[in-house]
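Number of protein chains: 4
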Amino acid sequence: MSKTEMKIGWIGVGRMGYQMVERLLKANHDVSIWNRTKAKAEPLAQHGGKIVDTLAELSGVDMLFAIVSEGKDLEEVYFGKNGIVTNAKGKLPKVFVDCSSISVEDSERIRARLKDHGVAFICAPVSGNGLVIKAGKLSAVVSGPEAEAKEAMPVIEVFAPRGVSYVGEGELARICKIAHNVMLGVVIENLIEITLLANKMGVPRHAFLAFMNNGVMGSMFTAYKTPALVNLDWAATFTPELLRKDLDLGLELGREWDVPMPVTAATREVIQQHIGKALSQPNSKEILAQDFAKMAETMAELSGMKLASENKNVGTGL
Amino acid sequence: MSKTEMKIGWIGVGRMGYQMVERLLKANHDVSIWNRTKAKAEPLAQHGGKIVDTLAELSGVDMLFAIVSEGKDLEEVYFGKNGIVTNAKGKLPKVFVDCSSISVEDSERIRARLKDHGVAFICAPVSGNGLVIKAGKLSAVVSGPEAEAKEAMPVIEVFAPRGVSYVGEGELARICKIAHNVMLGVVIENLIEITLLANKMGVPRHAFLAFMNNGVMGSMFTAYKTPALVNLDWAATFTPELLRKDLDLGLELGREWDVPMPVTAATREVIQQHIGKALSQPNSKEILAQDFAKMAETMAELSGMKLASENKNVGTGL
Amino acid sequence: MSKTEMKIGWIGVGRMGYQMVERLLKANHDVSIWNRTKAKAEPLAQHGGKIVDTLAELSGVDMLFAIVSEGKDLEEVYFGKNGIVTNAKGKLPKVFVDCSSISVEDSERIRARLKDHGVAFICAPVSGNGLVIKAGKLSAVVSGPEAEAKEAMPVIEVFAPRGVSYVGEGELARICKIAHNVMLGVVIENLIEITLLANKMGVPRHAFLAFMNNGVMGSMFTAYKTPALVNLDWAATFTPELLRKDLDLGLELGREWDVPMPVTAATREVIQQHIGKALSQPNSKEILAQDFAKMAETMAELSGMKLASENKNVGTGL
Amino acid sequence: MSKTEMKIGWIGVGRMGYQMVERLLKANHDVSIWNRTKAKAEPLAQHGGKIVDTLAELSGVDMLFAIVSEGKDLEEVYFGKNGIVTNAKGKLPKVFVDCSSISVEDSERIRARLKDHGVAFICAPVSGNGLVIKAGKLSAVVSGPEAEAKEAMPVIEVFAPRGVSYVGEGELARICKIAHNVMLGVVIENLIEITLLANKMGVPRHAFLAFMNNGVMGSMFTAYKTPALVNLDWAATFTPELLRKDLDLGLELGREWDVPMPVTAATREVIQQHIGKALSQPNSKEILAQDFAKMAETMAELSGMKLASENKNVGTGL
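Chains A, B, C and D are the protein sequences, given in the same order. When the letters of the first sequence are read in order and numbered with this note's numbering, they come out as residues 1 to 318. When the letters of the second sequence are read in order and numbered with this note's numbering, they come out as residues 1 to 318. When the letters of the third sequence are read in order and numbered with this note's numbering, they come out as residues 1 to 318. When the letters of the fourth sequence are read in order and numbered with this note's numbering, they come out as residues 1 to 318.
Just chain A, with the same shape it has in the complex:
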């Protein structure tokens, strides 16, 4: 089956999903799209997307993708009253691919239920945010039954052109995504430590981070966090409580599997300090809704520093 013959279904066109579908459409894929708020999907029609009204209308596609917020949302669109499985009438796509970041337990449960319906469940969480997709730099990690995973991977590569890695059976890709987010926490915290140190000693943050980003330690992540650390712009990409949750998931796996993670553990406590500090302030809700990189301000206060924006037009590297 050539790629333009395969019928693709897509559930969820939020900030990330929208752009992923757009990439599929621009590559001439046949995509039928359902979104809870249909209006958000409609602009995709101009690229050839078929916007549907009900999940049941997706039951005839060959491969069904989803990207939603949480495990319970995925269960709802699969098995809820209006869910695709509930309303399938004997016809279902053979392969469901999920690009959401849901828990291992939710993923296991969903896999088991889908298996009862003869559906192969492929986990395909991604590394990156909306800006990363737009820049064509998304990547993904895939697990599940190998044959179906290998079928799905060329499609996934369309929106994750930076690389798609198959890591094994079952929920292993979920583990990899948790591990990935653990590192995200560790790197931002250490980057803050050394940026504050260099800054306090006299190096402008933008100059220090330019060096780091150019160098061997530079990553997409350090680059796109640079404007935040330079100009103190804390518009949220990910909140401190979500980051703490991912580190806790990592630490729980470490505990369960007897793998010591001292650096992860130290990082977690700093995130906790940032959250606790927020809770000590009158506008705690507001602070906790801001980006996790705002930890820099908590750490600065604990370093005897008061940060001010450097008002530099630094790029995101994307």
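What the hints contain is simulated information worked out from the structure, not anything from laboratory work. All the pointers check out, no bait thrown in.
If chains are identical, the list can't say which one is meant, so a pair holds when it fits in one copy or spans any two.
Below 25 Å or equal to it, Euclidean Cα-Cα: the simulated DSS-like pairs (lysine-lysine) are:
hint: 1; residue 1: Lys312; residue 2: Lys150
hint: 2; residue 1: Lys285; residue 2: Lys200
hint: 3; residue 1: Lys200; residue 2: Lys150
hint: 4; residue 1: Lys200; residue 2: Lys245
hint: 5; residue 1: Lys7; residue 2: Lys115
hint: 6; residue 1: Lys294; residue 2: Lys306
hint: 7; residue 1: Lys50; residue 2: Lys26
hint: 8; residue 1: Lys285; residue 2: Lys306
hint: 9; residue 1: Lys7; residue 2: Lys50
hint: 10; residue 1: Lys245; residue 2: Lys294
hint: 11; residue 1: Lys72; residue 2: Lys89
hint: 12; residue 1: Lys94; residue 2: Lys72
hint: 13; residue 1: Lys150; residue 2: Lys94
A quick note: this is a predicted structure, and the numbers were derived from the prediction, not measured.
Guided by the hints, dock chains B, C and D onto chain A, whose structure is given.
Frame of chain A; chains B, C and D shown alone:
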């Protein structure tokens, strides 16, 4: 003065220096080269390099570069019995640029002595190793008197095309290089933690690291360390004791400047555990001469794991 | 009601329970005793204890004490087929006091079920082991409904003469016991760090620990662990896995209540390293059945040291 | 020589020295006393103390004790213009005992200089503060040449009746004192962590600490710090900067001797956070002059808590 008119002197053509000079020569720069072991410099003649016998022969150049192992080596080539300053006879380059990674204290002392001779001292440590230079991906961080730094930067960019960042007066570039190496320690240790976790749960290391390298957390560093973590090849690029030294330098600066560095501190203790474990073994010298990434084996033992090479032909990303 | 008029029931005469009952009997209390293995209770008859065959026989006492291993054991003796509540026939002691170390969740559930039967549930976990009781140095922490707690405290004081502290309603005493065990983990780990350091520098461990025990940092705990650290006697009082469990309970409470615990977190990872190291050895089960203080050997190996017994006849301080 | 025949010299009657001398005098020792501010020594005359005007007047005693603030003070009273060695005129006590807490380096240098004069130098730092001495609970740790140490120990026991431990040659007692103070930092920090946790969950601090102090983890230190943690009385016994210094000394020894100290390292960073937080406040000097236990307030803020005094008349346990 156009670049091809400027006369450049170069001291030190070890693994890194050689390639840096080669890049200058290929860009048609006029470079006179001195090396302790002259034979190592000779192949550069075929690219137009002028190999000299004595440091004194470099006293007529416009800008003098050096890259040596330690502060005392730099003092030797500048101020030793056969050193360039000692034998200058009233004529010296106006700008000395040092690309070595030496301590802040050594750098300060050298700067002061050079100043007495009317020479501007520019610190220009780099991010990367020999492979990185070969791949054209070296970057540098620069500090010292601004006017002379700005003169030197276009030349530095020839061998550090990924980016050259000016961070301020004096020894600030040394600080940035220490901070850079602190992050190197933190990232390798955390990468080991999560790689072991994913590996113990069933993900092949090469598959996990492929995902990480493709993703937003991937850096040149994570990529070029991947073959080591996958195939347990511990040929040294940097020893655990040198890494510990750099973390200690960072922690000392943190102490002196009252900047807490909890994640750095936790990392340092793990490196120390690796060193201590090595000292408990009969072949400790051999182990300590291997790459710091061998910490993965110590951490694996503390995770109830025994690593074996995956024998995968993974690239360095360079 | 004078103390000798009050009828006390007691469930569980293991290593600790036996001695607690003995103290009550020696203080002329009227105690009826049930134990799963009746034979273990029988020697208490010579001190005036009334050994009963069934839990139902305890339904006529005024206050019912228990000390068992786990929450499920407590549920069994209270609500199991042969449990006292199940077989009460309308008559039950008004106050149940539990001296076990069970989880907050188990304790809450048991409290709710007892309340349905009009029984007040008092938590009274203790600080100390069998040797501590024998030395008359046990203490306890109490929570639950205040009136009944105040009734129970004079009885608890008989076997916990070092002090009985009322800390509030509900399960708060359970929290205090978890916090207590967190500190136990931190103190042993730090004591090991500094003992190894002093030892490596030339101070015999027995001499160093004598100083520490005499000094302001000395506690019953540091004293009774001294023979283990001096003579490497790892007969278990508490296993590393149980200690890890208690630190994890503490860290989970910290997470739930947003209290950072960086030193606890660092300690937990060292315990994990000890467990992981054990798992790397052929006799891992044996090692993990030994006392948590054996962490000293893991830490020693990570310090380039090989410990040997000092064969010193040091006391436990009890 | 019976104890009342031995002539003792004493330098330094600050808060601690005064009480140490008083104990010697009450035990009928013959003590000649010099203090920089003579008036402070004079009340000791009523107990039989001989107050002298110059250090030279002490040159005829059998054993010379000192307790001063810093290494340079000790060098001053020994080797300064008016120092005892400088003005000895061929006659010097054979044994100098120093109870100060000075650095290993200072101690080594002083030992070497005294040796040139045929004087044996005994290190005898103590565990405790003024209140501890008053309560008769001081202890000491001793190092230096064994014969002279053994002569001095019965005298030291008079003011350190809780126990005097000989740990070996040279400066080893200094090491033990540093290790002791490392544990002091770790214990206060962990005690704060668990006290805040229990407190936030509903346990009054005084009730929690009563339990801890009664229990196996209780020490003189936890007891005499209890009033501070309950009533937020931060009158300084030891400042956070001095505590940080001692942890840094411990960590430096760990580094030098290759002993990992992860829990010490984590503690150090929390102390640093407290200092950094103080530096962020307008009254930083005042805060830094208060007791290190005030870290509890910094930690509370990072836990979303605001502490208030419990106004409880809790004792110090002394």
